[in-house]
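Participant: These protein sequence lines are chains A and B, in that order.
Counted the way UniProt numbering counts, the first sequence spans residues 1 to 107.
Counted the way UniProt numbering counts, the second sequence spans residues 1 to 107.
Incorrect hints may have been included.
Copies of the same chain are indistinguishable here, so a pair counts whether it falls within one copy or spans any two.
DSSO-like cross-link-like pairs, simulated, lysine-lysine; straight-line CA separation at most 27 Å [claimed, not checked]: (1) K36 x K58; (2) K50 x K85; (3) K105 x K84; (4) K14 x K105; (5) K50 x K91; (6) K105 x K85; (7) K36 x K50; (8) K105 x K58; (9) K58 x K85.
Rather than coming from a laboratory, the hints here were simulated on the basis of the structure.
Bear in mind the structure is a predicted one, so any value in this text is a computation, not a measurement.
There are 2 protein chains.
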Amino acid sequence: MMEGQVDLCPEVEKTFELIGKRWTGLIIYVLSSGPKRFSEINSLIPDLSKRVLTERMKELEEHGIVLRQVIPERPIRTVYLLTKKGSELGKILGPISQWASCWMKEK
Amino acid sequence: MMEGQVDLCPEVEKTFELIGKRWTGLIIYVLSSGPKRFSEINSLIPDLSKRVLTERMKELEEHGIVLRQVIPERPIRTVYLLTKKGSELGKILGPISQWASCWMKEK
Numbered sequence: 001m002m003e004g005q006v007d008l009c010p011e012v013e014k015t016f017e018l019i020g021k022r023w024t025g026l027i028i029y030v031l032s033s034g035p036k037r038f039s040e041i042n043s044l045i046p047d048l049s050k051r052v053l054t055e056r057m058k059e060l061e062e063h064g065i066v067l068r069q070v071i072p073e074r075p076i077r078t079v080y081l082l083t084k085k086g087s088e089l090g091k092i093l094g095p096i097s098q099w100a101s102c103w104m105k106e107k
Numbered sequence: 001m002m003e004g005q006v007d008l009c010p011e012v013e014k015t016f017e018l019i020g021k022r023w024t025g026l027i028i029y030v031l032s033s034g035p036k037r038f039s040e041i042n043s044l045i046p047d048l049s050k051r052v053l054t055e056r057m058k059e060l061e062e063h064g065i066v067l068r069q070v071i072p073e074r075p076i077r078t079v080y081l082l083t084k085k086g087s088e089l090g091k092i093l094g095p096i097s098q099w100a101s102c103w104m105k106e107k
């Protein structure tokens, strides 16, 4: 990005609105390590209620970021995975773990 | 990140809590193009009220992400810039513009 210049098109604003919704970024981050069941996501983010997680998963499905997949085995299982769109966003958010361990330790 | 595994330490959670606060990610993104006056940030993000922008800038200062600098020239000017910590986070968020123009056009 050029010094002083900023590219603030509506798409960029919409993206920050998306990841700037509580828990959304973290859910994408968690799913970028591979498909997960609802209960797995829930146990990885214990502070997030099931109600809000359900809401966020629906929003992420609507945005084409998450795909809900039913595995036709017995017992039938449902997993959530990132679409191509979602995994590209997950790749961007991935380096946040290094940043966090460098800069958020002290607080 | 290894498939299936996820590194969800408290620092990562705290970081997503930070950027998952409405407008915060966008403010960091805007400042990563260089120091800006309050009024410049405000005009770049017109949907964000002055009251909320003031609040977010204070939070970002407290987190050591933004520095408020008074330029001792006449007329005295105040600019906001990213600290080292903030600019490292800004670099991570930078590629969001490419992602957004690829994937958010249709909506």
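Participant: With reference to the structure, classify each hint as holding or not holding.
Facilitator: These are the hints, each one checked on the structure:
1. K36 x K58: Within one copy only: 15 Å inside, 37 Å across.
2. K50 x K85: Intra 25 Å, inter 33 Å, cutoff 27 Å: intra-copy only.
3. K105 x K84: Between copies only: 15 Å across chains, 32 Å inside a chain, cut-off 27 Å.
4. K14 x K105: between (30 Å within a copy, 10 Å between copies)
5. K50 x K91: Within one copy only: 26 Å inside, 33 Å across.
6. K105 x K85: between (31 Å within a copy, 12 Å between copies)
7. K36 x K50: within (15 Å within a copy, 40 Å between copies)
8. K105 x K58: between (33 Å within a copy, 20 Å between copies)
9. K58 x K85: Result: close within a single copy only, 16 Å intra versus 34 Å inter.
No hint from the list above goes unmet by this structure.
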